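Start from chain P and add chain H according to the hints.
Those protein sequence lines, which keep their order, are chains P and H.
Using the working numbering, the letters of the first sequence map in sequence onto residues 1 to 309.
Using the working numbering, the letters of the second sequence map in sequence onto residues 1 to 354.
Please note that the accuracy of each hint is not assured.
In silico BS3-like links for lysine-lysine, alpha-carbon gap of 25 Å or less [claimed, not checked]:
no. : chain 1 : residue 1 : chain 2 : residue 2
1   : P       : K154      : P       : K66
2   : H       : K129      : P       : K30
3   : H       : K129      : P       : K304
4   : P       : K30       : P       : K304
Calculated from the model, a selection of chain H residues having no Cβ within reach of chain P, i.e. all distances over 10 Å [claimed, not checked]:
no. : residue
5   : Y47
6   : L230
7   : L277
8   : L316
Just so you know, the hints here were simulated from the structure itself, not pulled from any lab data.
Just so it is clear, the structure is predicted and the values come from calculations on it, not from any experiment.
Cβ atoms here follow ideal geometry from the backbone N, Cα and C, with glycine treated the same way.
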Amino acid sequence: MGFLIETVISGLMTGMLYSLVALGFVLIFKASGVFNFAQGAMVLFAALAMARFAEWAPAHLGFDSKLLANLLGFVGAMLVMVAAAWLIERLVLGKLVNQEGITLLMATLGITYFLEGFGQTIFGNDIYNIDIGLPKDPVFLFESVFQGGVLVNKEDLYAALIAAAMVTLLSMFFQYTSTGRALRAVADDHQAAQSIGIPLNRIWVIVWSVAGFTALVAGIIWGSKLGVQFSLSLVALKALPVVILGGLTSVPGAIVGGLIIGVGEKVSEVYIGPSIGGGIEIWFGYVLVLFVLLVRPQGLFGEKIIDRV
Amino acid sequence: MLYRENGQFKTTYRADQQVFPIAQDRIAIGLLLAFAIVVVPLVAPEYLFRAILIPFLILALAALGLNILVGYCGQISLGTGAFMAVGAYAAYNFQVRIEGMPLIASLLLGGVCATAVGVLFGIPSLRIKGLYLAVATLAAQFFVDWAFLRVKWFTNESSSGSVSVAGLKVFGLSIESPVQKYLFCLAFLIVFGVIAKNLVRGHIGREWMAIRDMDVAAEVIGIRPVYAKLSAFAVSSFMVGVAGALWGFVHLGSWEPAAFSIDRSFQLLFMVIIGGLGSIMGSFFGAAFIVVLPIVLDNLPYWFDIPIDTALASHLTFMIFGSLIVFFLIVEPHGIARLWSTGKEKLRLWPFPH
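Next comes chain H alone, as it looks inside the complex:
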């Protein structure tokens, strides 16, 4: 009964084209933001921050970036882990090699480096399509993994091959406690979320979607594929790179290339597909689902006090995870975002559906 848009008359184009045209949506998002910024830091226990909330925020940012590439521009990429790694290692090098580099600047510069690598590996997309492109992007994954493992310069000649950062500071405030880390990542996510939403509903987003739906037709009506595809690669790998830098700096603290392996790429692709291709909201849903699911599965035996062998438990987790993925794809191939919009549609008509 509450979710109604009747009576909300739009008298200007501005009002009609805003991000959330329905007043109830605006209120809900406002409440959600207030909850995330004010209430969560006050009440959530430390474990929740470390295990779920911080990984969720960072991976949601990466999924957002990937969704722009895969969901909006239709270019399948299996090299997301590599772009995250480039972001993380580039940010690390800026931080270590340049005295007094502000944290935010090195994170963003990490994103810029990831953009460069992303565009470089995006060039083949002008000729290669679909699954061929997916495998071609794996080249980025394996090459970058190898480079950070073997080329000592990238890791600042560290003997163990792993790198670490400590004493993070932003504008004089140190980022040490989980709550501070959470708020720091949240700020990034909100900013990039707003940017992404506005990009995809603007001119450039429409070009991406035209290319996704049929690139030959898009070219015929005057969209330059070079520009559209490479800009999608650039925007996407920038976000993914920043997320990678955050993952290394804020979540892990010290890391090695294995943190950005091919499994990470698959994980992010799962998020995007389970969440919903071509949906900003879907990236968040997908990230939440994929971050929370393994933790729930791992802890299930303890909650119910079932004595179980750890190896067996991990195999069972694999099995259940795999089957749930397949189940979700069968039940809703368009992702959780579609369920969400169907739900909203139902709510608007309730209790008198036609």
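Isolated chain P, as found in the complex:
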């Protein structure tokens, strides 16, 4: 029993991290109808920028505070992401307005290649560390309830907390600020939003910046867990089924989807995996999504797709 709970909890934590990446997908899809494959590359790019700025800042400015270095790194990386958002809107998406979904998808794949190459060209291609001081030692919970208790990685716990805070923050931003309201208006209907004077281009830059921000947070958490390296951009492939499961247009969907897939993946790997060869984590999420979509083609929380002739 203790072991099952342990697996479920570690699944929930991983799921929280998946939803963090998935959130970036949903934000951009809602506001611009672009399925942004580059989210994974953005995570890598942001994490690389953060890691390198935090490393360069003390070396060049001659101070020794870790906190200040991380802070400068964070601000620097955020500025880079905003610049990237502006450039992407300017050079790519602004010129592809009204194209078909698949063309936009391919354009973001092009951006993926570019960001991966560019990030590694200017920031280097080694494995870098991001150390924001998350404690790494495991703790035992419920020791009074079960024998041996439940082993939980403290780092995961903090990461999940940060992710949860992010999600709350974003929901509040969407719900209560005027920019958030404008974003929701654009998501509802581009044309109607434009006709009441919401500048689409600026909204897109904002959305891509917010997505860049989630990419940065995801990059920091994943990066401090796994080290900042090329494989970080593959996190996107893990987040894809999460987005689809929750529904492409739903922020809560991304969270719930992430949790479901995180838990499902871990539990199935532990309990079913060994009997059919192991490593089923790779496809579990996708196959689960396939079956869910057969019942609900718009995902769990997506808007119902209505076809009219």
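Okay, now just chain H, sitting in the frame of chain P:
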């Protein structure tokens, strides 16, 4: 001045509806085929065959298959690599497990297996549309990758996980030298090219296009979506499967699942989109572009004698590749095929455009 169709009067429906109604086109295609079959094997150096021509022919075949699904039937698939893998591994199993299996038969049977898997993963397309379907087809990609890596039976219990074939023979002729491989693949491509062209301009092709343009409307006018979508999946994955088998047998010789990874799926989708969705010609253009571009980019520093770090060079290649893709999508979202037809149109009016 040469490219004119005036004076070519069509007196029968047959003449009006042939594949190339303009005489100059027929002559050009004939010359191109003669060039590809006779001249290229005589003059091209071995490197060209290995690095460009053979990969181009095989990937063009796969792109052709994918274009039927994505370009003609409008079902986005990111699982092409998986269907190629099924073709390759199935053909391998037929070849190894059945004594005296003819090569062509096992390649085609590989295609048949890919068809079965393709139709299976195509079933969700009846309910799922657009980007949702694209991600759903990724399930095929990851599942198949995993299966060929973990299930030992598919790889004939090979200890390293990679499989290899040797001593390819067709009708008693061995296929060893690059020229023979080239001609073998070319034959496949020509046959499938003719089949594809005739399918898409026939009854079934029109059903696919109707489904692509609007599936609800197509259903209303009496097209069965089940039949149309699944037949597109079947035809497409058959071609893709045969291409996969050729890729393994003829181009690689020995391979492991990584040869058919998700990157392959993306590469093929790039070919189809850069080349032109819904265009047979476009598949060839796209394949040529995507095969040749990375090679050119990789070799650029050597040609100009620029000393450059290999890691940096590969990152720069990534960057330039990505930007060129975006550039092409912006300049011509309908692909190179559209440029080609605009060019032809211009040529017909030249020198007196109206």
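query: Is the nearest CB of chain P more than 10 Å from the CB of H/L316?
result: Contrary to the label, H/L316 does not stay out of reach of chain P, its closest Cβ about 6 Å off (not over 10 Å).
field: 25 Å Cα cutoff - pair H/K129, P/K30
entry: Holds, at about 17 Å.
query: Holds or violated: P/K154 with P/K66, Cα cutoff 25 Å?
result: holds, 21 Å
- prompt: Between H/K129 and P/K304, is the straight-line Cα distance small enough, at 25 Å or below?
  reply: holds, 12 Å
message: Check whether the Cα positions of P/K30 and P/K304 lie no farther apart than 25 Å.
response: Holds, at roughly 14 Å.
- request: Could you let me know if the closest chain P CB is still more than 10 Å away from the CB of H/L230?
  value: holds, 15 Å
query: Against chain P, does H/L277 keep a CB gap of more than 10 Å to every residue?
result: violated, 8 Å
message: For H/Y47, is the shortest CB-to-CB distance to chain P above 10 Å, so the non-interface label stands?
response: Per Cβ check, H/Y47 is outside 10 Å of chain P; nearest 26 Å; holds.
The structure does not agree with the numbered hints 7, 8 stated previously, though it agrees with the rest.
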